Amino acid sequence: MAVDSVNWMAGGAQGSGVDTAANIFGRACGYGGLYVFGRREYHSNIKGLHSYFHLRISSREVLANVNDVDLLAAFDAETVVRHIKEVSPEGGVIIGTHQIGTKVLEIPTLPPEFKAEIAKFMKENGVGETLNDWLNHARQRRVQVFPVPYMDLLAEIGKKLGIAQISKITRMINVLTIGVSFALFQYDRALAEKAVRDTFAEKAKIAEMNVAALNYAYDYAKEHFDGFKHRLEKTVVNEERIFLTGNQAVAMGKVLGGCRVQTYYPITPAADESEFLEANQIMKTINGEDEAIVVIQTEDEIAAVNAASGAALAGARAATSTSGPGFSLMVEGLSWAGNNEVPLVITYYQRGAPSTGLPTRHGQGDLRFAMYAGHGEFARIILASGDIQECFYDAAKVFNLAEKYQMPVIHLLDKAMANCSQTYPIFDYGKFKIERGELLKEKDLEGKEYRRFRFTETGISPRVVLGTKNGVHWYTGDEHNEFGHISEEPLNRRLMVEKRMKKLELVLKEVPLEDKLKFYGDMNAENIVASWGSPKGAIIEAIGMLRQEGFGIGFIQVRLLHPFPAAEVKNALTGKRRIIDVEDNYTAQLGGIIKEATGIAPNYYVLKYTGRPVTTTEVHKALKTILTDKAREREVLTFGA
Amino acid sequence: MAVDSVNWMAGGAQGSGVDTAANIFGRACGYGGLYVFGRREYHSNIKGLHSYFHLRISSREVLANVNDVDLLAAFDAETVVRHIKEVSPEGGVIIGTHQIGTKVLEIPTLPPEFKAEIAKFMKENGVGETLNDWLNHARQRRVQVFPVPYMDLLAEIGKKLGIAQISKITRMINVLTIGVSFALFQYDRALAEKAVRDTFAEKAKIAEMNVAALNYAYDYAKEHFDGFKHRLEKTVVNEERIFLTGNQAVAMGKVLGGCRVQTYYPITPAADESEFLEANQIMKTINGEDEAIVVIQTEDEIAAVNAASGAALAGARAATSTSGPGFSLMVEGLSWAGNNEVPLVITYYQRGAPSTGLPTRHGQGDLRFAMYAGHGEFARIILASGDIQECFYDAAKVFNLAEKYQMPVIHLLDKAMANCSQTYPIFDYGKFKIERGELLKEKDLEGKEYRRFRFTETGISPRVVLGTKNGVHWYTGDEHNEFGHISEEPLNRRLMVEKRMKKLELVLKEVPLEDKLKFYGDMNAENIVASWGSPKGAIIEAIGMLRQEGFGIGFIQVRLLHPFPAAEVKNALTGKRRIIDVEDNYTAQLGGIIKEATGIAPNYYVLKYTGRPVTTTEVHKALKTILTDKAREREVLTFGA
Amino acid sequence: MVLKPSDFRVPEVYADWCPGCGDFGIMNALQMAFAELGLEPHQIVLVSGIGCSGKEAHNVKCYGVHTLHGRTLPFAMGIKVANPNLEVLAIGGDGDGLGIGAGHFVNAGRRNLDMTYIIHNNGVYGLTKGQASPTLRLGVQTKSLPKPNINEAINSIGLAIISGFTFAARSYAYDVRHLKDTIKQAIQHKGLAFIDCLQPCPTYNNVTTKEWYAGEDRKDASGKPQPRLYKLEETGFDPVVHDWAEDFQKKMAALDKAREWGDRIPIGVFYKNELEPTFQDRLTSRIPFYMQRPPAKQKLCDENGFSTVDLSEFMKELKTS
Amino acid sequence: MVLKPSDFRVPEVYADWCPGCGDFGIMNALQMAFAELGLEPHQIVLVSGIGCSGKEAHNVKCYGVHTLHGRTLPFAMGIKVANPNLEVLAIGGDGDGLGIGAGHFVNAGRRNLDMTYIIHNNGVYGLTKGQASPTLRLGVQTKSLPKPNINEAINSIGLAIISGFTFAARSYAYDVRHLKDTIKQAIQHKGLAFIDCLQPCPTYNNVTTKEWYAGEDRKDASGKPQPRLYKLEETGFDPVVHDWAEDFQKKMAALDKAREWGDRIPIGVFYKNELEPTFQDRLTSRIPFYMQRPPAKQKLCDENGFSTVDLSEFMKELKTS
Ligand SMILES: Cc1ncc(C[n+]2csc(CCOP(=O)(O)OP(=O)(O)O)c2C)c(N)n1
Ligand SMILES: Cc1ncc(C[n+]2csc(CCOP(=O)(O)OP(=O)(O)O)c2C)c(N)n1
Ligand code: SF4
Ligand code: SF4
Ligand SMILES: [Mg+2]
Ligand SMILES: [Mg+2]
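Residue numbers (this note's numbering), protein chains in the order written: chain A, 1 to 641; chain B, 1 to 641; chain C, 1 to 321; chain D, 1 to 321.
Take the hints with a grain of salt, since some may be wrong.
Anything over 12 Å on all C-beta distances counts as not near chain A; from chain D, calculated [stated by the list, open to error]:
#: 1; residue: Lys-129
#: 2; residue: Lys-190
#: 3; residue: Lys-210
#: 4; residue: Asp-220
#: 5; residue: Asp-247
#: 6; residue: Asp-263
Where chain B lies over chain A, by a calculated footprint (3+ residues, C-beta under 8 Å) [said to hold, decoys possible]:
#: 7; segment: 325–333
#: 8; segment: 475–489
Everything labelled a hint here was simulated from the structure, so no lab data went into it. What you are looking at is a predicted structure, and each value in this text was computed from that prediction instead of being measured. We put the beta carbon where it would ideally sit given N, CA and C, even for glycine.
Just need the whole structure built from these sequences, with the hints factored in.
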């Protein structure tokens, strides 16, 4: 069921403080007992191009973004041009007075294809060339405009603080915006103050300057603006909550799961995870001992994946983390790891592709690549998380899977999860168990002949890590015999192929249902949605709304994508009237897999490939169109700037 | 329909002249108007490990190997141990007398897992430890043994030729074997002589020595051996024929197709093709002009694929050629080429995998990897040849496809085709047309604004090669606008994805049926085989045999594997009682694709993954078991040493 | 037609580097160099890698091929071999060229293709937010690093010379004139030319900044900054190998100069050798008509589209009857 | 327990190199070196690449990791970092290490991990049937090449030194004793050690053959061959950097020696520097207990399998209430 919420968006050039603003805003809401869902969008650029942060805030849990913006804090004219159409009637726009005269077609950062779009819009809607014309057009939809004379405000604040040079404090514009925003929302300013202080915790002077600015702006807004309808109200909570991104969740999950070597080569949106780990390299155990994770920035992803395999063979839980371009370079190493049954973990954040694609944008176009990456046939596991909490637990679980089944595991994520942030009750991870699978130690081996790839019933051969006494053995990328030596014998070959592949059957048998599939909504209804990965939140909310509207609909989230839980999925889909596949890609990859694995084809597809994640609003709309039989087979979603 | 044939096999250590022997033997047969099919098997080793060549000879066209060996020319004891069971009753074994006392379990090149196999065999069958015991066991099956005192013969030949040191002429043992073989087959010795002379055409003295040895052995055999039942008889032919490998066919096809830059990094079984091209770099046109292909050995496959893309952008038809490990390194470049609509050709020879796998052995395990290789979704074409003649024409055609549809084309082959050789009537390539697609020149561009990625009805934007006046444009791996500049605009993104992907629909519309599918046998029968690649020959022969035996059965060979001709395949499969998928892999990859694309699932699978190609004999047997309803759903083939 | 630097601008593209980024200087120098050499846009191909530096290709009006991370040299090789009449320049970041691309760097030296390679040496991975690049020195901690750098730096000039580049120079993004002249020399050099271009990254590299290069942290008595950079050409340094006999000594002199860092950093040409045959020379010795009819310029078919190639020589080899 | 070289044999594996291949010598030298150093099989990890040379790993009784073409160094790095107490040696072909693996070679130098890297320098790609490898000189035509080699050779010693290897030596596969001693020195060296091992390939390289190294083509008046190889250690050459101040000069001396080829070819240690901190040293400065509790030796969980890690510090950062 979708949730009442308030939506605040900050937008501006990269480097102009949008992220910090969103961070402070989100914290302040959190301190007031509110749930927040944040979506961050930015160009593949360091400074100057447009970026924005959309925060959805509610007293109840929020799982995804919606289309509406209730209050748009525009740091520049471009933000207005790109987002004004999202602002809801009765919503508001905060904009600097000095920007109102901007001629929109002269904004230098707009590319020709976007200028053509807006020129068309202006022509069709009779909107003039200045930002003011745009704002007036919005006013016709009852959007309120709150012009703020930032420069004047800064001058006054500077005076108060004894700073003459305004350029030194222009970066505080973002805090002014927050002040204005909270004033409009009539939110408790003490919470905002606390958020500012905590954000600048390590720089007391800057914190105080910003608090002063915040209050100045708050007062200014109270004084000058009224009539804004939206409110943010704090509530009292008596549970601990955290607000975190997918990147952070994965990093912590890895630590929990025992990952002690992480290799990486910088790439968006994976690198933040490795940097978080490196910055927090040393950790404590519950017994107060020190442990540490070694994070190695390698020369490329080829080195990253193979070094991780090496570390795994030596007995460390090891992982590497990347996105599409990096994963492409890893596939030869993946194939080696598959052949050698290495417990290797690859964290794979999908982003807009092909090739460099949309490096900082979202996509789910790499599922089938992950399934088949690497020449030849070998066993691998692909586990896809669907939300930030799953990111955390799955990031730990994948090491158990890798070691128990002795095969590479791809933890498949996406940019939306990596960079979105969400409020959760604090994770209760105390029950997490480390399962290292069949692992022999020196004393188990004494006086025995050890064969690394011994043929067994299940296909799993007890493992020994490099350096263990009495356990000398070999690895090779060539087909090998039980000792690990090269073998081209046809019989050995057949048995080795079968040994490796049949472990997949064991995985299917042993992995618990909730790690294969999750069910939401009404599983007895005649309509069912199938999806995977980050669309999950929007789908859960959308079917909640639909059910409130009287439609019967369920949702299966596929988590284990390989080996594919065909029986369970078939069971869930059998007899349904409408099977609706929702994915952020063009070719409906999960849909194809379902068709192949179960013989049942989805009859509707809701797809998006603009580089932006789906929202609750648009999923709800598309599903409703389908449920009312007004849809085409393929519904393509396009929302989002 | 299968063909009467005579089967000769030569086996021995790598480097001991097996290949040369087979070459001479094959030529001699060819000169006698006979058709030959040759299969070469060898270890990933330069000298010392076992290799063999199986030649199947007939007065009618032969398309594949069979299980039988009628005459085994064993250069060493290991050859007997590995192949004796293949020798047909009434067949023969030629072996050096000095090898007969060999203790088979002491042959140093046998790995423990193979020793275990033969020890079991010896125990179960009461066979003793020497080669002689093995030969006697074979004699019980009416196999004739022809022991040849090679050393004595060499000594006598040496005396005749005035060569004292026998070690200088031991490498002529292979020619002696041929002499003995042809004598046993009662074949025209003049043709054998000619084959020896032509083989050593550039070394007259060596040629004469070998002719002398050949005749000496021929005479020796006539004198000492009789009772051998198999005969080879020459016939008169009045057409030109060629005998060639897949590697050679592909190289020539590339030249025909206008390939003028070939990049490669050495890898089995692809490198022979590039070396053939480099050795024959300069060629003539029919107008007597010189042309040349530049072959670049790069530092790795990453450089190979990207240099080929670069050359293609500059206007040369360009290709690279590799097998699994190399292709794995190319996938990032493939994704770039897909995003930039580069007419890049990749010749992909599959071999035993995963990883280094069985570098010199066969496999068809890379189809789905080729389909999905590279992150993201982009258009590519995969064309799979099924025999050596198709290798030739397809190697030329793929350049037309690449340039017309402006997308990478993977020409998917396998080790069996690369290294097998077959007799064909000379290729009649005069009708081959070069189709460069929409290609603009300087004068087409004058005074116009050029956009490399202009949106068009079909998705194809007229192309301009680098360096053309008036046509300056850009490429980027990022998502781009029509000019080729980076664009993150959501609308542009959606249109570009659609532009690239919809070209696949055009491919499906325009590619002629025979490049999508070929039909053999009785397409109205209730039974149908589906396959792709090198199993083709064995399947055609096997269904020929079955139809003679009264079974109704047809065969579709899928050639265009991506985009998949779902409609045509569905049409062919609809209403069939038994749909039998035949592939040289474990996971029945084509079978899965068919299921996904058509909704029709094969009900039987005939699979092989020992690293050896299927034979007519075993395919026939498996199909017959299926047609008589005695088969399991998966029939796994295992023939071949 | 004489072109001006401004004719090489791309007005429809917003150059989205950070204010003060050295990449602007490199862009200007390229445009100036092309104009002064009298090149036309369609004669030039700028092959760039991935990184802030990779965007150069979109900001200069000539054929631009913005490739993959680390792969400029292979793409450039393919283009140049297919059409040796094009002026090909590869440009990319220090991470691009010396981290992920180091294997191509070393092996490019073995070929000596007649083209130019420019590295934007900013000590960081700019576009991924400031991780250490291979030119950052051990122990240095730029502002976005959680810990001081754990790897030694690559000596790029030394690596170029050892790898077989026949021209190795260094220049500075903020000395546009010097850089422009260096680029011109590199383009005119017969063989593979390397330019290590020092490029301040004001956003992430707070160590080797513009101010640092300018020596603003070490002013003389009169308060004048003591610039760290000096020009080799002004010291009488002669980088040219006139004779193979002096090659080693010239290389050693260059390596000696290449290790200068800190208070005095040389820019200019370190090494130049035109005696080594280029890859084009070598190809011509195999294919005499290579330069006249390179791969991109062959006809392939007659006016009806029929392939004109004659395979009878190949077929002869394979005939059995 | 004192082990003999024969304790490092692997009798169940047939060493399938061609008769007379230098790889046998390298195998023997490794076995001897391990025995003389008193190492036990389980303490050693031999990480090999793909090629004839790659098979070394199967022919020595110790942990053997036969990896991918060109990737020995990354695998070795992962192993060594996870468990620095293992004796890790990477070994591979010249194509493996200097062609496809050149990027790792250069970047390994930046880390100076305490391990050993041995290249089998045979001038060819042996296992793929004799194509030119990166150490084959320009214009040389070994027997399986259709045309003389079109690329210049890589100077592997020079490349190692420029890249930051702190030990660079050359030895010869047929001088097993010298090679064994060189391997011992490399293993004992504190830092990343490189050995360029000249390795005749009698099958494909008919140019730099055993006979050629032995100088059989140039006999003196008495008919005695004049060997081409000579030992640096016998010339009084001192490769050791005792003080950073002499580092450059020692490097230059090594580079000078490294260009000797043809009639006189030096073997022995060219350069050795133990002043540079190893990667392990550097990790220890970040993680004080790194050597005692490296990644492979941490406990992760209690006896019931529950993860013992405490995430409360991380959680604190993220708390909103
Ligand atoms: C294969 C691959 N790995 C990683 C990346 C991510 N990536 C984008 S830019 C960049 C670093 C750029 O650094 P540098 O080459 O120094 O260029 P700069 O931005 O400093 O100019 C990286 C690693 C990528 N695009 N492709
Ligand atoms: C990625 C990849 N490309 C190509 C190959 C094929 N290959 C196998 S061995 C080899 C060359 C080996 O040459 P070198 O490294 O010099 O070793 P040598 O055989 O001479 O000892 C190559 C290219 C491979 N295994 N993997
Ligand atoms: S991050 Fe550095 S290199 Fe990149 S644009 Fe900004 S200043 Fe330039
Ligand atoms: S080909 Fe050369 S390197 Fe390989 S085993 Fe034979 S002799 Fe040794
Ligand atoms: Mg950089
Ligand atoms: Mg080699």
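**Message:** Could you work out which of the previously given hints the structure breaks and list their numbers from low to high?
**Reply:** none
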